Amino acid sequence: MRFHQNSLQKLYAVYEQYACARGLLFLWIPVMLAGGIGCYFSLTFEPPAALPLFSMLILVALCVFFWPERLRSAPVHTGVIALILLMTFTAGFTIAQLRTHLVRSPMLYDDTGPVDISGDVKAVETLEKSGHIRLLLENLEIEDFKAAQIPRYVRINVRGFDADKTPVDPGDRVTLLAGLNAPSPPVSPHGFDFQRYAYFKQIGGFGFSYSQPEVIRAAEKTAGRQHIRIALERFKHTIYQRIQERIGAENASVIAALMIGERKGIPEAVLDDIRDVGLAHLLSISGLHVGLIAGTLFFFVRLFLCAVPHVALRWPVKKIATLVAFMGAAAYVCLVGFHIPAVRALLMTAIVLAAILLDRQAITVRLVALAALTILLLWPESLLSASFQLSFAAVTTLIVFYTVMKPVIGRLYRHAGTPRKIALYFLGVVLTTIVASLATTPFSWFHFQQLPLLGLVSNVVVVPLVSLVVMPLILLAYLIMPLGLDVYIYSALAPFVTFIIDFSKDLAAIPYASLKPGALSFFALIMFVLSFLSCVLLRGHIRVICCVTLLILGCIFYQEKQPDIFVSSGGDLIAFNQKQDHALFLSTKMKDRFSADNWRRFLGYRDEDVYKMTDRDISHTPFLCDEFACRAVVGQSVHISMPVHDSVLSQECQWADILVTPLYIGDQMSCPARTVDKRATYYEGAHVVFLPSSKKKALQRDVVQKKTRIISVKDTRGKRPWTISNRR
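Take the sequence shown: its letter number 176 is residue 176 in the working numbering, and every next letter is one higher.
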């Protein structure tokens, strides 16, 4: 017994040295909370609601019971710490499930033909194409729909819209004739689940209008929060119109993205260029923008107050400037929308400014942990979003880096003249870009299959321009807007925005400006995240061991295993991945282009690497096609058939080992091949097929079929509250 007590005491000493040094326990809380949330969303079934809640209550009771005893012995203290972490994990699971049930609202299960729809306009978005807008409608009335079937929101695209003839503003009640579609399932197993995204946004249907929206009632004066929301939306809509009236549509859309967070009007070509050169973060409202608004206000308010001797000597000038800066940052976030990066930036800015008021140091990793904890408690589903992951990865890494480099930076700035300070500023931009790019690389690779290689060059040129010129001018536009003088600021901004767009276009045109590899595996992403967390949350030699080991594992298993065959959820599109030639062969290029483009990016292929199976001019095509079917022999013995006519189904079933077809295979037909047909895609959604390797030796037919893996969307996501259907 004494031996076990000594062992536990030594274990606790190691734990205290490595994990709890300097109050690191608080940093584990959001990590464990995120672990519980991730566990909930990774399930393929909906667990009983009482189970996690009951488990959490038991753990809370145990923590309360043992808390007074924690200081009496090391084993009890260790046990209490373990209980707290386990309780936090269970709390994350419970909060995610609670949030799932709280946001539940009706969603369309099938596409609906032209129906009359009436609803209040919640938001108006101007799209890239001229005359195209998008309406988000609430308080709906839909023809032939019962009240229990009507979604909370629907999103409808309107083409050929003329704002001069039929102006539509947020808060107006409109009626129109529209077709509605159910939210789409993933285009491949483990792909982005748009149905889950729509479920938590409470958007139950998407569609397009057959008629122009007709305003049947103008916005009414409502009280409370509803009135504020409508007023904000109308204000944003007015700003966007004023910008468009003053300058060209392309520049106006970029300025609107920075001023009101409205990115839908930016042309896709411009967005692609900006993403390829690593400047996408400039168009997503985050810490850079909120910090610049708050910092600029703080600087000029303090400067103005200090210019008056009577005020400077008698008033707390610094704290007044701090309050004004916070109010400006909060107003900016309210205007651009409560997106995850913006909310995170506002929370961190608020804590930093509060620390200034209290004369405390604020920029610490605890600040990031508190912001992450707040967001995960309010919106647990945000853990799965790319914006959450990219935002927190970048800001956490930067804070850790500059905390370590603080003594060095202090020595460099001490006694530095103006030229040296300017040089240090640009050096800081370079270091910040390098550190943030390294931190976000795994997430950009995993979510977007994109690595901008010239991001350092673009950020060194553009970030100072945005920081010193663009954002201060935007702030000035807000301040003089009541006087109607903001239109002159838009004209002044136009040349700078034009320069950013042209510079991005020229830089993106350079060969290999952006690397687009195949998808990063989920296992590698988790290893990279855990490796970074080991550096932050552990101490001593165990930190180095864990960090290096996990990093090596991530590098070894970085490549997501590539399927050999893709089948769309509608069954109309089939693709074959010929890995040795780096080519993707499609059954058609006319249907489901969205799925084809996603598959191409997942594999890391270019547009010129995509071919049609029926194209006989390609020397390395593995297919022999006629008007009835396509055949291919992979390796030495894997026979694949893709029939498109019922008359050859029986024959192809006897020849093929793997048969993929957009047709139905009847129950009366005996088909010895492994099959993916219209019935499978209708009920199970998109499929991928992994073929066995047969390069070294020929395989028997039963061995080929046994070693072939066929995975569907239904297999990977199961039945959850947001899984409406697996078909597209």
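A hint or two may mislead.
[Claimed, not checked] Between beta-carbon pairs, the in silico distance windows are:
#1 Pro267 x Ile434: 45 to 55 Å
#2 Val404 x Arg679: 50 to 60 Å
#3 Asp615 x Ala50: 56 to 66 Å
#4 Pro267 x Arg701: 47 to 57 Å
#5 Thr238 x Lys589: 40 to 50 Å
#6 Glu46 x Thr403: 35 to 45 Å
#7 Leu424 x Val469: 12 to 22 Å
No lab work stands behind these hints: they were computed from the structure.
None of the values given here were measured: they were computed from a predicted structure.
All C-beta atoms in this analysis are idealised placements derived from N, C-alpha and C, irrespective of residue type, glycine included.
Problem set entry | Structure versus earlier hints - violations, ascending order | The structure breaks only hint 1.
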